[in-house]
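Protein chains: 2
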Amino acid sequence: MPKSAGSLQRRAFLCAAAVGLTALAPHLGFAQATDPLPSWNAGPAKARILAFVAAVTESGGPDYVPPAERIAVFDNDGTLWGEQPIYFQLSFALDRVKALAPSHPEWKNKPPFKDLLNGDMKAVAAGGEKALLELLGAAHAGATTEEFAAAVRDWLATAKHPRFKRPFSELVYAPMLELLSYLRANGFQTWIVSGGGIEFMRVFAEQVYGVPPQQVVGSSLELKYELRAGKPVLVQQAKIAFNDDKAGKPVGIHKAIGRRPIMAFGNSDGDFQMLEWTSAGPGARLSAIIHHDDAEREYAYDRGSKIGRLERGLDEAGARGWTVVSMKSDWTQVFAPAP
Amino acid sequence: MPKSAGSLQRRAFLCAAAVGLTALAPHLGFAQATDPLPSWNAGPAKARILAFVAAVTESGGPDYVPPAERIAVFDNDGTLWGEQPIYFQLSFALDRVKALAPSHPEWKNKPPFKDLLNGDMKAVAAGGEKALLELLGAAHAGATTEEFAAAVRDWLATAKHPRFKRPFSELVYAPMLELLSYLRANGFQTWIVSGGGIEFMRVFAEQVYGVPPQQVVGSSLELKYELRAGKPVLVQQAKIAFNDDKAGKPVGIHKAIGRRPIMAFGNSDGDFQMLEWTSAGPGARLSAIIHHDDAEREYAYDRGSKIGRLERGLDEAGARGWTVVSMKSDWTQVFAPAP
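Going down the list, the protein sequences come from chains F and Y.
Every letter in the first sequence is one number past the one before it in this note's numbering, and letter 121, counting from 1, is 121.
If you want this note's numbering, it's the 1-based position in the second sequence plus 339.
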């Protein structure tokens with residue numbers, strides 16, 4: 001046999017062996033190397049996710065869903081990134097009011113601005129929702145969408161979380177980032193549907209989550225189209241246009257997507273109706289709740305918590321077939337290590 | 340030379356000749372066979388579109404735009420399909436009120452319902468905007484989004500245009516369908532941004548235009564999340580949530596897409612701000628107006644028209660560098676022949 005023919009045969013054999021091994025791998029315990037969710041411990045939550053994705057992507061299978069209908073929606077605060085000790089966006093808004101204070105000398109003697117500037121958060125809190133809305137209004141209204149996005153970018157680049165001493169955009173849940181990538185690799189469209197402000201989230205959603213701006217749904221202020229120095233701008237008004245929370249979430253989903261999701265992840269009772277709406281559609285559905293039960297690596301809270309309160313969801317998840325994800329036992333890590 | 344080798348050589352020669360001819364074709368006047376816009380006559384409008392798409396897709400070129408930012412927006416009524424003698428959606432709404440009349444005996448004696456049911460359109464028109472809004476309210480409010488979509492589907496399957504005697508969904512502009520396909524083949528996202536109702540357009544946008552529901556932006560009513568017989572539904576309310584017209588269009592674009600389009604097509608002054616907003620962005624931009632100047636094949640109207648009034652756009656297009664498309668001279672056909 002001439003040398004070249006022998007080398008060809010050897011290559012063909014190696015090739016066949018490689019193909020055979022790849023096909024056999026899952027049965028031989030080699031699957032670990034290609035685990036799409038390495039930050040998820042083996043357990044019912046992970047098994048449910050893998051089984052669901054396998055079922056809806058199995059061409060010709062009974063639960064098959066065409067790619068155009070593979071819509072997965074995710075709450076943001078407490079589901080994709082942290083929300084304690086206060087919503088990260090609220091941290092931003094308070095920092096922005098402080099940054100704007102030099103141009104507003106009248107704030108020096110006017111609560112709740114005075115209290116915030118003096119660092120008296122107890123007095124701010126005593127002002128209740130009214131004080132908070134006043135501060136939020138000052139942080140948002142009057143800015144063009146481009147000015148506001150620049151302010152968010154600056155803040156994300158400099159501000160740090162009080163406990164973890166890391167930029168807020170690093171305090172995203174590593175297992176959820178894996179899940180988002182895994183879903184997209186399986187033809188899903190991943191959407192954020194959050195009570196948070198849409199102009200705030202869009203600044204980092206693409207870079208941090210891989211979710212483009214048109215797949216971010218959130219609360220919003222009225223915008224006014226104006227010409228400034230001959231150039232058109234969109235100016236944020238001090239009036240809420242849409243509150244994307246609770247029963248507002250299915251409305252926000254319908255308005256933005258026009259299709260019912262087949263998969264929804266939330267973490268608080270503010271997500272209840274989103275999960276209910278998702279689950280009520282025909283065919284295979286997966287609704288899940290991220291349960292914050294890990295005080296050591298993050299925070300532990302649910303019933304009675306002011307932020308991310310979770311009661312009805314916990315009470316009804318079992319009967320409704322919703323998956324409850326334990327951050328403590330289902331996740332091998334919460335945040336990726338600092339880069 | 341053995342036969343097989345000769346046949347191989349012949350095949351190689353034919354192959355090379357074919358490759359050579361393909362490469363030469365554009366220079367030899369053979370380009371027609373692969374013209375992506377066969378319903379567009381050669382002329383400045385077509386040349387501008389082709390040059391723009393070539394420029395923004397030329398990798399490494401000075402006007403290159405990455406695919407994620409290739410957003411093209413299209414008005415619907417008068418830009419993608421007809422709008423005369425009355426907006427097609429208004430035809431639907433009036434037909435729906437008639438269809439609902441048996442369940443509303445009180446309408447028999449109450450204008451404008453009485454007038455509509457008696458076919459007295461002059462009396463309806465005399466009622467002005469108030470009468471119209473009352474009829475529109477009755478056609479929309481109270482229905483769930485699913486009931487409403489079913490009503491639109493039924494109407495599209497049965498109703499015909501008074502002049503052309505064809506289903507309304509066939510009265511879409513063939514040159515614009517070609518343009519939508521051509522843009523998508525070049526990595527553009529095609530969006531509809533219309534003053535029309537979003538729930539109405541989404542029913543046919545995917546099938547007729549290839550635009551999925553999440554890429555349809557329109558006017559909308561408030562929606563209320565309710566449980567009916569234990570199942571969640573979204574019920575249309577008799578209150579406008581968003582008016583996606585004039586200065587509302589850039590707002591609607593920003594809220595839904597979060598990115599400024601690089602290309603916009605409209606046909607009336609209701610689209611002026613959308614074109615202005617698109618053109619004001621940095622880099623290459625294409626804004627265009629479809630001019631209805633073809634009374635023979637469709638309708639001729641612009642200044643002073645009640646529907647699709649176009650004045651400021653015509654006056655300023657030249658100075659603003661906007662392309663005006665003449666339906667009469669730029670299009671080889673308006674509607675595709677009936678199937």
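Certain hints may be false.
Simulated crosslink set (BS3-like; lysine-lysine; CA at most 27 Å straight-line) [to be verified]: (1) Y:Lys578 with F:Lys224; (2) F:Lys239 with Y:Lys585; (3) F:Lys224 with Y:Lys469; (4) F:Lys306 with F:Lys239; (5) F:Lys328 with F:Lys130; (6) F:Lys246 with Y:Lys570.
Simulated from the structure, these hints should not be mistaken for laboratory data.
Status of the hints after comparison with the structure:
Of the pairs offered as hints, the one joining Lys578 of chain Y and Lys224 of chain F holds, with about 20 Å between alpha carbons and a cut-off of 27 Å not exceeded. For the given pair, Lys239 of chain F sits about 20 Å from Lys585 of chain Y by alpha-carbon distance, which is consistent with the 27 Å threshold. Simply put, Lys224 of chain F and Lys469 of chain Y have alpha-carbon atoms about 26 Å apart, close enough for the 27 Å limit, and the pair holds. For the hint linking Lys306 of chain F to Lys239 of chain F, the alpha-carbon distance of about 24 Å falls within 27 Å, and the restraint holds.
Taking the CA atoms of Lys328 of chain F and Lys130 of chain F, the gap is about 36 Å. The hint is violated against a cut of 27 Å. Taken as a hint, the Lys246 of chain F and Lys570 of chain Y pair is honoured in the structure, with Cα atoms around 16 Å apart against an allowance of 27 Å.
Of the numbered hints given earlier, the model fails hint 5 alone.
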